[in-house]
Amino acid sequence: GSMKAASICSSDQAGCHFLSLANLFDRVIQHSARMHGISNDLHSEFELYFLPSKNQIGRVNRNCHTSTILTPNGKEYAQRIAREELTEVILKLLVAWRDPLWHFHQNMAQQLTFSHFSSNKSLEMSDMVHELQKGVQKVAEKMQTLGIISNSLGNLGSPKALLASDGAEWRLMNDYDLLYCFRRDSNKIQNYLKILKCRTVPEHGC
Amino acid sequence: MRTRSCLVMLCVLSAVGVCSSTSALGVPYIRDCRSPEKETFSCWWEPGYDGGLPTQYRLYYQKEKESFKECPDYVSAGENSCYFNKIHTSFWVEYTLRVEAINALGNSSSVFEIPDVMIYVKPDPPVNVTVLVNSTGPTPYLQIKWRPPPNVDTKSGWATIKFELRHKRNDSDNWETFNLDSREYLNLYNIEPGALYMIQVRCMLDGGSWSDWTKTTFAKMPDIEKPLWILVFAFCLIPLLATICILALKREMLKQWVLPPVPGPKIRGVDVQLLKSGRTEDFAVALIGNVNFPMKMVPVDQVEEYLLVSDSKEWLLADPYTSEKKKDPMVISAGLHLESEIQRGEPSPGQNAWDKAGDRKDEEERFESNVSQSERNLLNMEPMEKPGCPSVDQAAFTNATQSLAHSSYVDIQQPENSWEAGPTPTDYSRVNEVNGEAIVILNSKNVSDGSDVQRQEGSGEVSAPDDYSRVKEVNSDVVFLQKHESVDSCGKKKEERCTGWTNQKPTMPRELERSKGPCSEMIGNGYVDSAPAFTVQLPVQV
Chain S
1 GSMKAASICS SDQAGCHFLS LANLFDRVIQ HSARMHGISN DLHSEFELYF
51 LPSKNQIGRV NRNCHTSTIL TPNGKEYAQR IAREELTEVI LKLLVAWRDP
101 LWHFHQNMAQ QLTFSHFSSN KSLEMSDMVH ELQKGVQKVA EKMQTLGIIS
151 NSLGNLGSPK ALLASDGAEW RLMNDYDLLY CFRRDSNKIQ NYLKILKCRT
201 VPEHGC
Chain W
1 MRTRSCLVML CVLSAVGVCS STSALGVPYI RDCRSPEKET FSCWWEPGYD
51 GGLPTQYRLY YQKEKESFKE CPDYVSAGEN SCYFNKIHTS FWVEYTLRVE
101 AINALGNSSS VFEIPDVMIY VKPDPPVNVT VLVNSTGPTP YLQIKWRPPP
151 NVDTKSGWAT IKFELRHKRN DSDNWETFNL DSREYLNLYN IEPGALYMIQ
201 VRCMLDGGSW SDWTKTTFAK MPDIEKPLWI LVFAFCLIPL LATICILALK
251 REMLKQWVLP PVPGPKIRGV DVQLLKSGRT EDFAVALIGN VNFPMKMVPV
301 DQVEEYLLVS DSKEWLLADP YTSEKKKDPM VISAGLHLES EIQRGEPSPG
351 QNAWDKAGDR KDEEERFESN VSQSERNLLN MEPMEKPGCP SVDQAAFTNA
401 TQSLAHSSYV DIQQPENSWE AGPTPTDYSR VNEVNGEAIV ILNSKNVSDG
451 SDVQRQEGSG EVSAPDDYSR VKEVNSDVVF LQKHESVDSC GKKKEERCTG
501 WTNQKPTMPR ELERSKGPCS EMIGNGYVDS APAFTVQLPV QV
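Chains S and W, in that order, are what the protein sequence lines are.
1 is the number of the first residue of the first sequence in our numbering; add one for each residue after it.
1 is the number of the first residue of the second sequence in our numbering; add one for each residue after it.
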């Protein structure tokens with residue numbers, strides 16, 4: 001979809017709002033694509049330097065801390081669930097990864113095994129998750145304003161949501177698993193946002 | 001002995017062969033999986049050694065931590081395959097696949113792990129690749145279009161497709177590749193006419209693997225139209241030929257323009273054509289030009305180096321330069337007048353100061369007074385018949401008067417009655433003074449007086465001063481003097497005189513017109529035909 005600058009329209013208010021919503025969607029989708037790219041790079045680097053063999057037994061039961069979050073695993077499911085639910089899933093994922101990535105970066109900075117380039121990537125990744133969460137929250141608010149979704153979304157900054165992310169499960173993960181899990185989740189976020197956009201503002205580049 | 005060992009060997013070998021045939025069934029293994037549209041996926045296995053016996057193969061899969069299930073579709077993807085439709089396909093989910101082989105020999109199986117089906121996403125190649133040659137516009141170009149594979153859903157946002165195009169000339173080895181994102185067309189401009197091009201397109205979904213390239217599409221560029229070239233050639237050639245012809249025809253002119261001729265000598269003021277027409281006075285004028293020779297103050301004694309001829313003895317005795325008496329004017333022509341002239345011409349050495357510019361004004365005033373005098377004289381003049389002398393032509397005088405008005409000449413016309421006998425010095429003037437710019441003419445009054453004196457003195461003979469140069473014209477700068485060829489009583493020789501408008505003969509005007517010679521063109525020319533020192537040299541004749 002083409003990136004159009006959000007302009008303040010005076011005449012067709014509804015059209016103007018939808019245009020700005022599509023613009024918001026484009027920006028968060030771009031952001032999520034970049035985030036996924038960085039996580040993919042970091043995972044490949046880690047795999048190259050630290051894992052001698054790829055097909056390890058036991059890898060099958062990898063335990064990501066976000067496994068408890070129910071997420072649609074295909075196009076059909078993503079299209080079938082409600083927009084509110086889809087938005088909520090995205091936000092849950094983003095919130096769940098804020099702290100783990102921050103701590104991961106802290107470990108990276110201290111360890112000298114990783115290159116400076118990788119350390120910068122982990123910091124960027126950590127920042128991006130934070131920015132993307134704020135962006136998606138804005139999208140949700142706008143959708144609520146436009147009446148596209150109901151207000152049942154609630155505030156994901158609530159202590160309840162934070163508790164979910166504050167669980168100790170993610171501390172049990174080693175670095176490699178963490179990177180693997182995040183790569184998968186960032187891909188989910190990117191795809192969910194695209195589906196959500198085309199379900200909400202399909203005339204703007206779908 | 002040898003044959004026995006050979007037989008034993010043979011038995012052993014055959015036993016080994018039998019044993020191997022009854023060994024375990026070969027292990028099948030999954031060689032590849034693929035999701036063509038990011039919604040379904042398929043896997044294919046390779047069967048192991050089956051001993052030639054009919055073997056059954058089964059595939060089981062496990063999603064995440066669920067129980068194993070058997071493959072839902074063994075057929076759709078071909079032989080030794082398992083096809084997972086949309087319902088059975090989950091992304092971001094680990095799959096564990098197990099394939100089993102069963103036959104009379106036994107069974108064997110292997111396990112295959114899929115961490116994420118996403119890594120097996122590989123679309124089909126694009127379809128409907130069309131190449132058009134667009135010849136409208138200044139340069140032809142290739143218009144290439146294609147469509148994504150039909151099984152990919154690009155509208156839902158789930159699958160974002162990207163394209164790549166490459167092309168090369170048929171005889172070249174290097175492909176040129178373009179990354180096009182989700183565009184489904186491309187215009188190729190940098191193509192050579194007449195060449196054959198190969199074009200291929202491929203696509204990718206969301207960061208998975210690239211598809212295979214499409215089958216090569218060939219496109220032949222048209223040659224540049226020949227008639228156009230002929231026209232272009234003709235348009236260029238015709239002006240070129242024309243230019244060459246013109247240059248060849250005008251090569252003389254060209255040569256002159258390129259190498260201009262060396263200019264010949266040229267004297268300013270000299271017109272070659274005029275010279276050729278043959279007027280020597282023009283030539284002289286041209287050579288000397290408008291140069292106003294500085295009229296030196298000619299010493300009076302030089303000017304007046306006349307040979308006086310006189311009958312009177314008294315005259316002979318006297319020193320003409322020092323005598324102050326007015327002599328008997330019974331002198332032929334110049335004599336008396338000259339004397340008086342001389343007398344008057346040299347009153348004091350101070351007259352030399354007339355050279356100075358300051359006196360010029362006086363001289364001019366004198367001129368004017370002379371003019372007025374002479375005018376009066378002319379007007380008063382009556383045509384008189386003189387023996388052998390031409391009578392004064394009143395008309396001529398009128399003309400002369402008119403001319404007088406226009407030029408600041410002075411030509412004193414002696415009144416007829418001033419001359420009692422003999423040729424009258426009708427048209428002469430006395431050069432009083434010559435300086436650089438003007439010739440001071442004797443006051444006509446003086447002349448008249450002189451003539452009166454003559455009368456008074458009773459001399460009858462006052463002949464025309466044929467020896468004088470006649471002042472033809474006096475303009476602001478120079479006085480024209482007539483040069484007489486002979487001294488004569490007013491006879492036919494007068495014809496020869498450069499008679500100007502001042503002459504008396506009625507035919508004078510005609511003569512004027514007809515007269516050729518050094519004088520006729522004097523009017524308007526500023527020269528005096530004399531040496532630079534402006535010495536009036538009169539032929540002395542008796």
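Simulated from the structure, these hints should not be mistaken for laboratory data.
Treat each hint with caution, since some may be false.
Facing chain S, according to a computed beta carbon distance under 8 Å, are these residues of chain W, among others [as the list claims (entries may be wrong)]:
1. Cys6
2. Val8
3. Val93
4. Thr130
5. Gly157
6. Lys162
7. Glu164
Beta carbons are placed, not taken as given, at the ideal position from N, Cα and C, and that holds for glycine.
Now the hints, each set against the structure:
1. Cys6: 49 Å, violated
2. Val8: 47 Å, violated
3. Val93: 5 Å, holds
4. Thr130: 24 Å, violated
5. Gly157: Hint on W/Gly157: holds, closest Cβ of chain S at ~3 Å, below 8 Å.
6. Lys162: For W/Lys162, the interface hint is violated, since the closest Cβ of chain S sits about 12 Å away, which is over 8 Å.
7. Glu164: 18 Å, violated
Figure legend: structure checked against the earlier numbered hints; hints not met, in rising order: 1, 2, 4, 6, 7.
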